[in-house]
Amino acid sequence: MAEYKTPYAGIAGWFDQRMPTVMAEYRKHLSEYYAPKNFNIWYIFGGLAITVLAIQIITGIFLVMNYKPDANLAFASVEYIMRDVPGGWFIRYMHSTGASFFFIVVYLHMFRGLMYGSYRAPRELVWIFGCLIFLCLMGEAFFGYLLPWGQMSYWGAQVIVNLFGAIPLIGPDLAVFIRGDYVIGDATLNRFFAFHVIAIPLVLIGLVVAHILALHDVGSNNPDGIEIKKNLDANGKPLDGIPFHPYYTVHDIFWLTIFLMVFFFVVFFAPEMGGYFLEWNNFIPADSLTTPSHIAPVWYFTPFYSILRATTEQFMVVLAIGTIALSALILLTVRSPIVRGAIAVGTLVLLLGYFTLDAKFWGVVLMGASVMIFIALPWLDHSPAKSMRYRPTWHFWLLITWVVAFVVLGYFGTQPPSAAGQYISMIGTVIYFGFFALMPWWSRMGTFKPVPDRVTFHPH
Amino acid sequence: MKKIITRLVVALGLFGAAGGALAAGAAVPIEHWPAERGRSFGALQNGARLFANYCMGCHSANLVRWNRLEQIGLDEKQIKEFLIFGNQKVGDTMRIAMTPADAKVWFGKAPPDLSVITRARTSFDFAGTDYIYTLLRGYYRDSSAPTGWNNIAFPGIGMPHIFWDRQGPREATLVQTHRHADPKTGHASFVQTTTVFDVNGNATKTETELKGPATEGLSYTFRPLDPQQARQFDSDAADLVAFLAFITDPSQTARKRIGVWVLVFLAFFSVIAWRLNSVYWKNIK
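As they're listed, the protein sequences go chains A and B.
The first sequence begins at 1261 in this note's numbering and counts up by one.
The second sequence begins at 4 in this note's numbering and counts up by one.
For the record, the hints were derived by calculation from the structure and aren't laboratory data.
Just so it is clear, the structure is predicted and the values come from calculations on it, not from any experiment.
Please note that a few of the clues may not be correct.
EDC-like mimics (lysine to aspartate or glutamate), calculated; alpha carbons at most 20 Å apart, straight line [claimed, not checked]: (1) B:288 <-> A:1384; (2) A:1265 <-> A:1276; (3) B:83 <-> B:95; (4) B:187 <-> B:212; (5) A:1497 <-> A:1477; (6) B:107 <-> A:1547; (7) B:259 <-> A:1477; (8) B:288 <-> A:1493; (9) A:1489 <-> A:1477; (10) B:288 <-> A:1433; (11) B:112 <-> A:1547.
Working from the sequences, and respecting the hints, build out all of it.
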């Protein structure tokens, strides 16, 4: 094999001669990664998510230096960090604010995907890795929330771990196995600490790498939902593509400064964010003998928590009607006898289950399903156009209705149970699942606008 | 793009209005703590003095070091001489001699540590500072209570009124309005129960039926025998709350001061980043 001769000069050349991988990867992922030139503001959130991940990891390292994962010391050690460790309050508020901002950024990032069909072929794997990142993020947030060892940490963990107790047969034993004790205790705190600082972050970083590698193999989607690789120039470069570096790096740096202004405004002026980012009750040390009158998870979990709470005995009837209607729709529209048979049997099993097993169990199932259902999206959407720009306008309004349902569910999840909240949460749950369950049908309906060959771009 | 954002804002606005309409108010009117006390060293130091002299008989502030009070303008010598009664060092935390086990036997429930109390007592309905300000000024004599004291913000409170001598005797009038449905006719009316507690805590109750609808709830008035002394105590209570708010989050002042500079820097930097971005994107047609 001929000896490799580096085209680079200076330090880059020295490295390239000895380790060509570095410059090759730099070209592949930055200087020669061609991104569509028509990205809009919705495309900044991926980069921001990476930034928040970095903030969480770096502040997390410094927090671990002073935090004590011990039921007797944990609460005081967090306050010690905030009071006696130089700059400790800054590190801690960045970490607690970062947790909430991670979800804000990821929710906006996912909304972008929903709006422009970024999950559609050939990007299914990019989307699935993304969904797994979201799952990991939820796990990371849940485990981390126990660590300050306040009342909400304690009782929030108690409620969520007890959910596993609703699983038939193995449930109660499983809950004890997860806690390592009959109640949330020191053993639980220690294992949650291990998951929060090493296990989940490792998986999370691996998934982020997979997400980006998969994306760079197929190329980015864009607001028009057009494949820029279909229009290449003489050199085989996409006509509507521009190198990620420097164009999108300078672009992202600008939006990063705007994002940081919002982020640091919260860190310095409103770290509790009115009780939504740091819950007031969590400033009371964990007490296994005093149950708070109202236990609510942090805001980013509340849409899913509302779905859990909406699933009562009463709601099982709605669920049964929904299941029957959906299977009837499938039986009417699908020809394959195998699918029809499977659906018929599946429906009967579900209906039997709805009225024999506890409603709480189905609440847990629905809550799990509400998070996992995103993974199925690439196969649920049959729209001829990827982007909402070229789909019927009512498709967009349907998406907005779903977003409103998500936000309303989130709001009622933060509130104490009420009769009105209960009914609204039930309606929200129906909209939430109806949007996905009926998507194979509604996504084909309506008048689609013609999709242009080239992206729409207005020079700055 | 703009269209989408406007649509979202409209949708969220509608939802916010619906949510606000469903929210319920607090049971007792919570009074506003004068927040400017938190920015005055004089008030904070007076609060520290009251805290060490009165509260620390039973309440600790285990997460706060004595020398943290240097932040409110006290020096080590003053802290040692005027505030620390035992043999603690200025680097120690504000502990008390009473053990939680003893406290539980004596009071039924150990008095809570007050290190983060104004945050812990905050809720979506009111700020912890306002609640404690109302609580401290909400005591009235009630001969039926075990300690002889009751509280408007915390009915049946276990803590007696430790500032009674500073506040002076007061007469309390509690007006409770509630809906009353006649069990036979089903006819609903509003009834107002007025309870007057004299300075010795003896209650006199009068009931009046209201004509027409009213709002359910509790209102109260206090009539101090010495209004000037009571006003002085209101001021002391505000100072004490200022101190409690300070120890809850001692980084607050530094945080806000640094925050301004961080935002100024980022605003400046964002202009540079914006111009840099424009220079690069000029070539993209």
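Tell me if the straight-line CA distance from residue 259 (chain B) to residue 1477 (chain A) falls inside 20 Å.
violated (46 Å)
If you draw a straight line from the CA of residue 112 (chain B) to the CA of residue 1547 (chain A), is it 20 Å or shorter?
Given pair residue 112 (chain B), residue 1547 (chain A) holds - Cα atoms ~13 Å apart, limit 20 Å.
Within a Cα-Cα threshold of 20 Å, do residue 288 (chain B) and residue 1384 (chain A) meet the stated pairing?
Judged against 20 Å, a Cα distance of about 31 Å means the pair is violated.
Can the restraint linking residue 288 (chain B) and residue 1433 (chain A) be considered satisfied, given a maximum Cα separation of 20 Å?
violated (64 Å)
Against the 20 Å threshold, does the CA-CA distance of residue 107 (chain B) and residue 1547 (chain A) hold or violate the hint?
holds (15 Å)
Please verify whether residue 187 (chain B) and residue 212 (chain B) have alpha carbons no more than 20 Å apart.
This hinted pair holds, its Cα atoms lying about 17 Å apart.
Under the criterion that the straight-line Cα-Cα distance not exceed 20 Å, is the pair residue 1489 (chain A), residue 1477 (chain A) satisfied?
Between residue 1489 (chain A) and residue 1477 (chain A) the Cα gap is close to 12 Å, so the pair holds against 20 Å.
Is residue 1497 (chain A) within 20 Å of residue 1477 (chain A), Cα to Cα?
Given pair residue 1497 (chain A), residue 1477 (chain A) holds - Cα atoms ~14 Å apart, limit 20 Å.
CA of residue 1265 (chain A) to CA of residue 1276 (chain A), is that 20 Å or under?
Within the cut-off at roughly 9 Å; holds.
Compare the distance between the alpha carbons of residue 288 (chain B) and residue 1493 (chain A) with 20 Å, and conclude whether the hinted pair is satisfied.
Holds - the C-alpha atoms of residue 1493 (chain A) and residue 288 (chain B) are around 15 Å apart, at most 20 Å.
Does residue 83 (chain B) pair with residue 95 (chain B) here, judged by a C-alpha cut-off of 20 Å?
Status holds; Cα separation ~11 Å.
In the structure shown, a violation is registered for the earlier hints numbered 1, 7, 10, in ascending order.
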